Amino acid sequence: MAEKGKDHLLVNKIGEGTVIDHIPDWKAETVVQVLRLDKLARMQADASVATLQNVTSGKLGRKDIVKVDGWHVDEKDADILSLVFPSITVNYIEEGQVSKYQPKVPDTIEGRIRCPELGCISNAEREPVVSRFATLKHERLLQCRYCDTLISFDSVPDHVRT
Amino acid sequence: MQVGLNISVSEFLRRDVISARDFKRDHFEYILRAVEDLEKSPGSLDGALRGKLAALLFFEPSTRTYSSFQIAAERLGMKVTGFAGPTGSSITKGETLHDTVKMFEGYGADVFVIRHNRMGAASFAAEISDTPVISAGDGSREHPTQAMVDLYAIKRAFGRIDGLKVGMLGDLRYGRTSSSLAYALSNYDVEITFIAPEALQMRPEVIHFLTRRGVTPKKESALKDVARALDVLYVTRIQKERIPDPTEFEKVKGMYEVNLEALREAKPSLKVLHPLPRVDELSAELDGTSYAHYFTQAAGGLPLRMVLLNLILGGGR
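Protein chains in written order, with the working numbering: chain U, 1 to 162; chain P, 1001 to 1317.
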């Protein structure tokens, strides 16, 4: 996607992939973290990621954009991201066609968030337990199904499994 | 169905006992009345569960809770298997809770009584097994059957629970009995005060639950500020084994002791409860006074656990 021109970097249109739009300005790195886009490197996937930061936006004034070329971001990951940044929109591009996905706050989140309570059974080594959080939407909180620990939506990036 | 209660005995059948939050006021009242009946007719449940098998899986050492469940099961005619602590069991070899539960399930256990140092262990066990699970304490989270014992002790002392002012003193952060009791009390019209230094104050998730239920507990840091108003003082020890940082324990140990001097301004009718064992937080000088209700409280553990096992396993009577 990104090519070095004579004196500037070009970000091409995506043929296949995902564009995360309407990210609050200067938060693109958090998006990369929450969506675990670094896993693309571990998987040696043929994908590239471009982050555009502090671009002008009619809706937000300034915003960030993350373009993932050659990779469809999991909808469940997008839903988790929307806990932190409710303003985001997700566009999937397939054969040049764009389809919008509006992330929604899930009722439960399984396996993707690590419980911050070290004494929780979901952190026990060798126990086949999958972490599970219920969302308390009005209070913008997640609650661990096992130990009841509460975490705020805003602190989700600190607890996402990488 | 008991008179005046809007539940039937079938609601207890094969029910897990994981959290005091899972029980409504009528559930508690049903259990308390059944315990009262059993105390009036002590042999009435003997042999009611003959032929059933109780697996007591205590991944943490226990004396009174293990013994009371063991004796309760045996009085009901059950066979008892399992272990009273990790020593001498396969836990020391690294066997997981999951595998242990599956193994005893295969041996035909009719009920699991589980104590574990991890919060949520009983919830996990209930997920992976169709056999009813009774939590006998999971880390710092909850000890629901102790809360039932505590309610029974309060009711026995005052003839009611509504209208009382209950203070909970001590290690509310790492103690599991006080959170379960607070959840149970939220079904009643009581005034709850959490008395602890900030480092040991009640966990946010407990306050959160109570607040959602419309109960607003007070917080105090010293007993002397509230002693005169209380009807019940629930004292807990500092959970040294659960405080992750030893320096944190050093800071809080010995911060409070309930003795006659501390209760100088208390009502003569005050009852002091303690889930036991006690260390330094509750002076032996209270033992012979009218305040001391903790040994009566502890004695309620056996009939209460008999009633609970009988209700869950459908022993009738």
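It is worth saying that the hints were derived from the structure and are not from the lab. Just so it is clear, the structure is predicted and the values come from calculations on it, not from any experiment. C-beta: ideal position from N, C-alpha, C; glycine also. Among the hints, erroneous ones may be present.
[Said to hold, decoys possible] Derived DSS-like pairs: lysine-lysine, alpha-carbon spacing no greater than 30 Å straight-line:
1. 59/U / 13/U
2. 76/U / 27/U
3. 137/U / 1024/P
4. 1251/P / 137/U
5. 137/U / 1219/P
6. 1251/P / 1219/P
7. 39/U / 104/U
8. 1253/P / 1219/P
9. 1251/P / 1155/P
[Claimed, not checked] Now the stretches of chain U that chain P is said to cover, found in silico as 3 or more residues with beta-carbon under 8 Å:
10. 110-120
11. 146-155
[Claimed, not checked] One-sided excerpt, in silico: chain P residues whose CB lies under 8 Å from chain U:
12. 1119
13. 1193
14. 1197
15. 1201
16. 1204
17. 1205
18. 1295
Quick one, is the residue 1119/P hint okay against chain U at 8 Å, beta carbons?
-> This hint holds: residue 1119/P lies near chain U, its Cβ roughly 4 Å from the closest one there, short of 8 Å.
Is the shortest C-beta separation between residue 1193/P and chain U less than 8 Å?
-> Violated, about 22 Å.
Given residue 1205/P was flagged as interface, is its beta-carbon under 8 Å from a beta-carbon of chain U?
-> Cβ of residue 1205/P sits 4 Å from chain U, so the hint holds.
Residue 1295/P as an interface hint toward chain U, with CB separation required under 8 Å = violated (31 Å)
Assess, step by step, whether the Cα of residue 1253/P is no farther than 30 Å from the Cα of residue 1219/P, and give holds or violated.
-> holds (20 Å)
For the pair supplied as a hint, residue 76/U and residue 27/U, confirm whether the alpha-carbon distance does not exceed 30 Å.
-> With a Cα-Cα distance of about 19 Å, the restraint between residue 76/U and residue 27/U holds, given a limit of 30 Å.
Within 8 Å of chain P (C-beta), three or more residues of the region 110-120 of chain U = Holds: 4 residues of the region 110-120 of chain U have a Cβ under 8 Å from chain P.
Would you check the hint for residue 1251/P and residue 1155/P, treating anything up to 30 Å between C-alpha atoms as holding?
-> violated (36 Å)
Mind checking the alpha carbons of residue 1251/P and residue 137/U for me, to see if they're no more than 30 Å apart?
-> violated (38 Å)
Holds or violated: is there a CB of chain U closer than 8 Å to the CB of residue 1201/P?
-> violated (15 Å)
Do the alpha carbons of residue 39/U and residue 104/U lie within 30 Å of each other, as the hint requires?
-> holds (23 Å)
Using 8 Å as the Cβ threshold, decide whether residue 1197/P counts as touching chain U.
-> The hint is violated - residue 1197/P has no Cβ within 8 Å of chain U, the shortest such distance being about 21 Å.
Of the numbered hints listed earlier, those contradicted by the structure are 4, 9, 13, 14, 15 and 18.
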